[in-house]
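Read top to bottom, the protein sequences are chains A and B.
Going by this note's numbering, the residue at position 38 of the first sequence is 38; the numbering climbs one at a time, nothing skipped.
Going by this note's numbering, the residue at position 187 of the second sequence is 187; the numbering climbs one at a time, nothing skipped.
Where hints are given, some of them may not hold.
To be verified - Straight-line distance between alpha carbons at most 27 Å, and here's what the computed DSSO-like set of lysine-lysine pairs gives:
hint, chain 1, residue 1, chain 2, residue 2
1, B, 49, B, 104
2, B, 104, B, 90
3, B, 35, A, 59
4, B, 90, B, 35
5, A, 35, B, 35
6, B, 59, B, 90
7, A, 35, B, 59
8, A, 35, A, 49
9, A, 104, A, 59
Keep in mind that the hints were calculated from the coordinates and are not lab data.
Please read all numbers here as calculations on a predicted model, not as lab measurements.
There are 2 protein chains.
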Amino acid sequence: MARKTAPDSSRRSERSRRAILDAALELVGEVGFGKLTIEAIAARAGVGKQTIYRWWPSKAAVLFDSFLDQSDGAPEVTLPDTGDLAADLKSVLRATVDEMENPKYALPTRALVAESQNDPELGAELNARVLEPQLDAWAARLRTAQQAGHIAADADLRVAVEMIVGSLFHRWSLRTLPLSHGYADAIVDQVLRGIAVSPSGSPAEPSAG
Amino acid sequence: MARKTAPDSSRRSERSRRAILDAALELVGEVGFGKLTIEAIAARAGVGKQTIYRWWPSKAAVLFDSFLDQSDGAPEVTLPDTGDLAADLKSVLRATVDEMENPKYALPTRALVAESQNDPELGAELNARVLEPQLDAWAARLRTAQQAGHIAADADLRVAVEMIVGSLFHRWSLRTLPLSHGYADAIVDQVLRGIAVSPSGSPAEPSAG
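Chain A on its own, in the form it takes in the complex (with noise of 0.2 Å):
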């Protein structure tokens, strides 16, 4: 939601700003999406309730701009291009490990993630604000190295991006094996290998077996 106070809100305001969305994070992640509450917000970071209600309409539309604030506050995600499609790709999945494995990041986002299962509504307004233009942000990567013709014409980008970003949040999410940035670099090294032009400018054919 767009903030409503004009661009040369005042310094305390900045300050209040950050305040409430650093305590919804803490909050999310010590108490679940379902207990938070705006009151909590507004008590932990030392305003009043109305302050956030000028803002904010929820505690989604809160919560959601932590995230984007976490970010950097950049409304645009881009990956890095430095020509090396591997190492740019591999650069931003180490990160993305080092970001779930930081409690500060994790705990709000399971927090998420366990209330998104029951409430699609909620998953949807989380998928518009922070995740599609992450998939987005990735799959422009992507048709770049495709542009350039490192990547085969006809790979289907959006389910490469899935498969990064998916194997990485299973093994999170599920817990079935630690994140390592080796994980990271075989994801990446296996997904780049699928999409590849090969020698006759198409992708391989997987053999039979």
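Given the coordinates of chain A, work out where chain B should sit on it, guided by the hints.
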């Protein structure tokens, strides 16, 4: 948990057991894991609480048996091996899509996924009893193909399995896009291309980009 009844337990016991497993599965989809009680399962199944406690130590144990029972009660999960690796994997992944679209299976699974976000012990039990045997079965099918020379000798089969299952889980769990058989097929094709034997006998190197 092993049931304490003898193999020749009466037909009436078997009817009670089935009623309990069905009731547990229905209820967890309705009220979530946190609010699921042995009392409610007993009431829905039309048995006494003690009948449940005689066979299972906890509500989680009942629920895991409900899941295992769904998969034909087979303690060993095995993937088909018709000699056509891609077709075998696609048939299993398509069946998984159908299962995850079926509320009877999807709702209890969502309840357990949600609960295990913040209950690592429950998650560990879910992994040990339900998930890891499935991942092992996928890996075993890939290993057969690897031994037959259809998959690169140095391919990481565990990562390949997590890519297959994780891509589906990510889309299902976060509801980013609808599941479909086409998605299942695309996942299998991309993963197999990533681990297929290249002309030189090892996976193709990903291009820079």
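Hint by hint, here is what the structure shows:
1. B:49 - B:104: Holds. Residue 49 (chain B) to residue 104 (chain B) sits at ~24 Å (cutoff 27 Å).
2. B:104 - B:90: holds (22 Å)
3. B:35 - A:59: holds (24 Å)
4. B:90 - B:35: Violated - the C-alpha atoms of residue 35 (chain B) and residue 90 (chain B) are around 37 Å apart, more than 27 Å.
5. A:35 - B:35: holds (15 Å)
6. B:59 - B:90: Since the Cα atoms of residue 59 (chain B) and residue 90 (chain B) sit roughly 34 Å apart, the hinted pair is violated (cutoff 27 Å).
7. A:35 - B:59: Judged against 27 Å, a Cα distance of about 24 Å means the pair holds.
8. A:35 - A:49: holds (16 Å)
9. A:104 - A:59: It holds: about 18 Å lies between the C-alpha atoms, which stays within 27 Å.
Going through the hint list in order, the structure does not satisfy hints 4, 6.
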